[in-house]
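Q: What follows is each chain in one-letter form.
Protein chains: 2
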Amino acid sequence: MDIAAANQTAVEKMMSARPILKGLAPARDVVPGMRPNLLLHAGPPIEWARMSGPLRGAVIGALIYEGLAPDEPAAVAMVERGEVDFAPCHEHATVGPMAGVTSASMLVYIVENITHGNRAYSNLNEGYGKVLRYGAFSADVLNRLRWMNTVMGPVLAEAITSSPDGLDVRALLSEALHMGDEGHNRNKAGSLLFLKWLAPLVARASGDSAVAAEVLKFLGDNALSVLNPVMAGCKAMADAAHNVEGSTVVSVMARNGTDFGLRVSGLGDRWFAAPCETPQGLWFPGFTAADANPDIGDSTITETAGIGGFAMAAAPAIVTFVGSTPKHAVNATLEMYEITVAEHKHFTIPALDFRGTPVGIDIRKVVETGITPRVNTGIAHKQAGVGQIGAGLVRPPMAIFEEALVAFAGQYGL
Amino acid sequence: MDIAAANQTAVEKMMSARPILKGLAPARDVVPGMRPNLLLHAGPPIEWARMSGPLRGAVIGALIYEGLAPDEPAAVAMVERGEVDFAPCHEHATVGPMAGVTSASMLVYIVENITHGNRAYSNLNEGYGKVLRYGAFSADVLNRLRWMNTVMGPVLAEAITSSPDGLDVRALLSEALHMGDEGHNRNKAGSLLFLKWLAPLVARASGDSAVAAEVLKFLGDNALSVLNPVMAGCKAMADAAHNVEGSTVVSVMARNGTDFGLRVSGLGDRWFAAPCETPQGLWFPGFTAADANPDIGDSTITETAGIGGFAMAAAPAIVTFVGSTPKHAVNATLEMYEITVAEHKHFTIPALDFRGTPVGIDIRKVVETGITPRVNTGIAHKQAGVGQIGAGLVRPPMAIFEEALVAFAGQYGL
Numbered sequence: 289m290d291i292a293a294a295n296q297t298a299v300e301k302m303m304s305a306r307p308i309l310k311g312l313a314p315a316r317d318v319v320p321g322m323r324p325n326l327l328l329h330a331g332p333p334i335e336w337a338r339m340s341g342p343l344r345g346a347v348i349g350a351l352i353y354e355g356l357a358p359d360e361p362a363a364v365a366m367v368e369r370g371e372v373d374f375a376p377c378h379e380h381a382t383v384g385p386m387a388g389v390t391s392a393s394m395l396v397y398i399v400e401n402i403t404h405g406n407r408a409y410s411n412l413n414e415g416y417g418k419v420l421r422y423g424a425f426s427a428d429v430l431n432r433l434r435w436m437n438t439v440m441g442p443v444l445a446e447a448i449t450s451s452p453d454g455l456d457v458r459a460l461l462s463e464a465l466h467m468g469d470e471g472h473n474r475n476k477a478g479s480l481l482f483l484k485w486l487a488p489l490v491a492r493a494s495g496d497s498a499v500a501a502e503v504l505k506f507l508g509d510n511a512l513s514v515l516n517p518v519m520a521g522c523k524a525m526a527d528a529a530h531n532v533e534g535s536t537v538v539s540v541m542a543r544n545g546t547d548f549g550l551r552v553s554g555l556g557d558r559w560f561a562a563p564c565e566t567p568q569g570l571w572f573p574g575f576t577a578a579d580a581n582p583d584i585g586d587s588t589i590t591e592t593a594g595i596g597g598f599a600m601a602a603a604p605a606i607v608t609f610v611g612s613t614p615k616h617a618v619n620a621t622l623e624m625y626e627i628t629v630a631e632h633k634h635f636t637i638p639a640l641d642f643r644g645t646p647v648g649i650d651i652r653k654v655v656e657t658g659i660t661p662r663v664n665t666g667i668a669h670k671q672a673g674v675g676q677i678g679a680g681l682v683r684p685p686m687a688i689f690e691e692a693l694v695a696f697a698g699q700y701g702l
Numbered sequence: 289m290d291i292a293a294a295n296q297t298a299v300e301k302m303m304s305a306r307p308i309l310k311g312l313a314p315a316r317d318v319v320p321g322m323r324p325n326l327l328l329h330a331g332p333p334i335e336w337a338r339m340s341g342p343l344r345g346a347v348i349g350a351l352i353y354e355g356l357a358p359d360e361p362a363a364v365a366m367v368e369r370g371e372v373d374f375a376p377c378h379e380h381a382t383v384g385p386m387a388g389v390t391s392a393s394m395l396v397y398i399v400e401n402i403t404h405g406n407r408a409y410s411n412l413n414e415g416y417g418k419v420l421r422y423g424a425f426s427a428d429v430l431n432r433l434r435w436m437n438t439v440m441g442p443v444l445a446e447a448i449t450s451s452p453d454g455l456d457v458r459a460l461l462s463e464a465l466h467m468g469d470e471g472h473n474r475n476k477a478g479s480l481l482f483l484k485w486l487a488p489l490v491a492r493a494s495g496d497s498a499v500a501a502e503v504l505k506f507l508g509d510n511a512l513s514v515l516n517p518v519m520a521g522c523k524a525m526a527d528a529a530h531n532v533e534g535s536t537v538v539s540v541m542a543r544n545g546t547d548f549g550l551r552v553s554g555l556g557d558r559w560f561a562a563p564c565e566t567p568q569g570l571w572f573p574g575f576t577a578a579d580a581n582p583d584i585g586d587s588t589i590t591e592t593a594g595i596g597g598f599a600m601a602a603a604p605a606i607v608t609f610v611g612s613t614p615k616h617a618v619n620a621t622l623e624m625y626e627i628t629v630a631e632h633k634h635f636t637i638p639a640l641d642f643r644g645t646p647v648g649i650d651i652r653k654v655v656e657t658g659i660t661p662r663v664n665t666g667i668a669h670k671q672a673g674v675g676q677i678g679a680g681l682v683r684p685p686m687a688i689f690e691e692a693l694v695a696f697a698g699q700y701g702l
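Chains as they are written, first to last, in this note's numbering: chain V, 289 to 702; chain D, 289 to 702.
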């Protein structure tokens, strides 16, 4: 059995995938299997009893937002009565940053990999601080979500679909990596490229110049506005590399705030999960490491696709946000070449003489070298209702790579 | 006499200057000394007989644009009859990229250094290729100028003045240098930050959503849209450092396509000029080094203020545009520390551990070390009417630094 050849096939599919942003629609209309009492969440499967504070907070917020519960006690009671179903975003072709909670009426970006035909989805980005995806669910959080979904959303939907070609997410990322982004925790340039594409479309789509101005201000002020389409783009790329017989390439890394889960291309839809680490980083004023929730979010799909922590050498300025030094940022990328199977054809790093980013994590190399993937991430408060408290760096637990390798040996009789 | 102290005073003024974009108005209404038969141009003073092709082309285009001449022969005849006055932009608090030709009815950005109160001006940017500033003057070039000045201009003017605080050009540059720009030849990030600021203001200012969309598309598609406000910002900063008694710091570097001129803080308004070099670089398809005009433009005000070629280490991706390597880009910045008197307080380079850019060129150090400043630049075709043919790197002639140093010794009796 030629594992190397299988991995090459997988990573070639990942790199040749070309995700195009084509639309924005309510999750219930486009996400496979979506239904009113189903909440999608980040990471591997988890039941309510084991959910961390920020994921619980986002669940409560989503139930209130959907009008299924009037307040927190009612939402919790509803969950405890078993009236709410939970499933990983990843099991519904979807990815969500941090808690990743996506409910039926929330709008999701529609991203299509036009090379292989698969689609992926992700919700709208709310910005920094006190937001649903970090587990906050106060009235202002829910009002912002309503404005995003009912005022901004229809304008954005019309703007996106008015573009004949859609937005080439891979091309946007290629350019953003030459502008100091790494595509996960630093999406300043990418968000501005997104705004550049959207601005004339929004101006034309909106009949009301005050609404157009408000939408453009909201998008422009949010240096993470493109994160969700980027994540859907990475999901579309990683899904293209999934289910390659005999491949040890990782096709999903995701965290639910309690467990870090991964999937491997040649091992089907089985999750390998173990408790997450807690990120180290820089804290927003008034918070410390003691407030931090363990690692959470589907945004590790960026590292899975060869950007994020893997492209940190492209983004030396990120160290002011996550803690660290520019030298360390370069070393982070260099280290990742040790555990990957290719250098990306489309994502290159100017400061490394335009070397392609390390892409295609090989679970064999992770176990052999003892080097786990590097991840850039936001940090949530461990209690429901608070929100973002910092940003930093983290790695997945080694145990899930070892477990996956044992399973691989078993499945393929090695 | 304490030259070092004088230089410290000059460079401190340059760094503490805070240029704010406050408006956009016809040159005749705001540029000091502007009048209908006066054309401002880049670089040191020059008469028609010695003007290079691209500067002549821009002069012809401006006379047709102003309605002063119906066509090229009439424009040339008018100049030859002595009916047109010429003066350097720099002598009217103005800067213009490439030919820099600015006429009375053209709109100029108004930038005010709110620390010291001086103002500087620069015209609208036309984008790449066949444009007036590179000496092209065909009907499409002039039609674009008309649209910019009569359709886009009024919307931009209202958008800019509707902002209570204006745009902080220094803050924009600080951020752009962390996003892979060097601020002269690469202004991708800066132009997007400019668009981010303008987009909601334009949407609100324009009564017509189709016009708003057209303006936002034009600005977004031009990765140099912010160059002119940036140049006016650098002019406002450099002017703040001018006329410091006993200072050998360069306060102006500018080229007219024939001569490279400089001014020194402690030597008043005297120009030191000598023939320009021709840039080396990369050529647009169909052109070669044989087509290139010698160095042209006021955009060297960026290097004068500590960005551009001096900040090339911040912009490794620029090498794909100007020719060179990322390593060379770092070395270019490192070399400039040899001839400058300070490290910038506000402009820092992440890849150099956030070291301040080299700022305040000391003519003594240039002559002592034999190192002339590094300049990134666009390259114009040597014939009138063609336009941009490439981009590259160049240096000023050593002779002007030597001549200035001799004059300094003479003036101060050293």
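Hints in this document: simulated from the structure, not taken from any laboratory. Treat the hints with care, as some may be off.
To be verified - Straight line, CA to CA, 20 angstroms or less: simulated PhoX-like cross-link-like pairs of lysine-lysine:
{"#": "1", "chain 1": "V", "residue 1": "K418", "chain 2": "V", "residue 2": "K310"}
{"#": "2", "chain 1": "D", "residue 1": "K418", "chain 2": "D", "residue 2": "K670"}
{"#": "3", "chain 1": "V", "residue 1": "K615", "chain 2": "D", "residue 2": "K653"}
{"#": "4", "chain 1": "D", "residue 1": "K505", "chain 2": "V", "residue 2": "K505"}
{"#": "5", "chain 1": "D", "residue 1": "K418", "chain 2": "D", "residue 2": "K310"}
{"#": "6", "chain 1": "V", "residue 1": "K670", "chain 2": "V", "residue 2": "K418"}
As the list claims (entries may be wrong) - Simulated DEER-style distance windows between Cβ atoms:
{"#": "7", "chain 1": "D", "residue 1": "P442", "chain 2": "V", "residue 2": "S426", "range": "41 to 51 angstroms"}
{"#": "8", "chain 1": "D", "residue 1": "D496", "chain 2": "V", "residue 2": "G417", "range": "54 to 64 angstroms"}
{"#": "9", "chain 1": "D", "residue 1": "G495", "chain 2": "V", "residue 2": "E626", "range": "53 to 63 angstroms"}
{"#": "10", "chain 1": "D", "residue 1": "T449", "chain 2": "V", "residue 2": "G370", "range": "23 to 33 angstroms"}
{"#": "11", "chain 1": "D", "residue 1": "S451", "chain 2": "V", "residue 2": "E354", "range": "47 to 57 angstroms"}
{"#": "12", "chain 1": "V", "residue 1": "G417", "chain 2": "D", "residue 2": "T449", "range": "40 to 50 angstroms"}
Beta carbons: idealized from backbone N, C-alpha and C, even for Gly.
Q: Does each hint hold? Answer for all of them.
A: Taking the hints in turn, this is what the structure says about them:
| no. | hint | verdict |
| --- | --- | --- |
| 1 | V:K418 with V:K310 | violated (29 angstroms) |
| 2 | D:K418 with D:K670 | holds (13 angstroms) |
| 3 | V:K615 with D:K653 | violated (31 angstroms) |
| 4 | D:K505 with V:K505 | holds (16 angstroms) |
| 5 | D:K418 with D:K310 | violated (29 angstroms) |
| 6 | V:K670 with V:K418 | holds (13 angstroms) |
| 7 | D:P442 with V:S426: 41 to 51 angstroms | holds (43 angstroms) |
| 8 | D:D496 with V:G417: 54 to 64 angstroms | violated (36 angstroms) |
| 9 | D:G495 with V:E626: 53 to 63 angstroms | holds (59 angstroms) |
| 10 | D:T449 with V:G370: 23 to 33 angstroms | violated (60 angstroms) |
| 11 | D:S451 with V:E354: 47 to 57 angstroms | violated (39 angstroms) |
| 12 | V:G417 with D:T449: 40 to 50 angstroms | violated (31 angstroms) |
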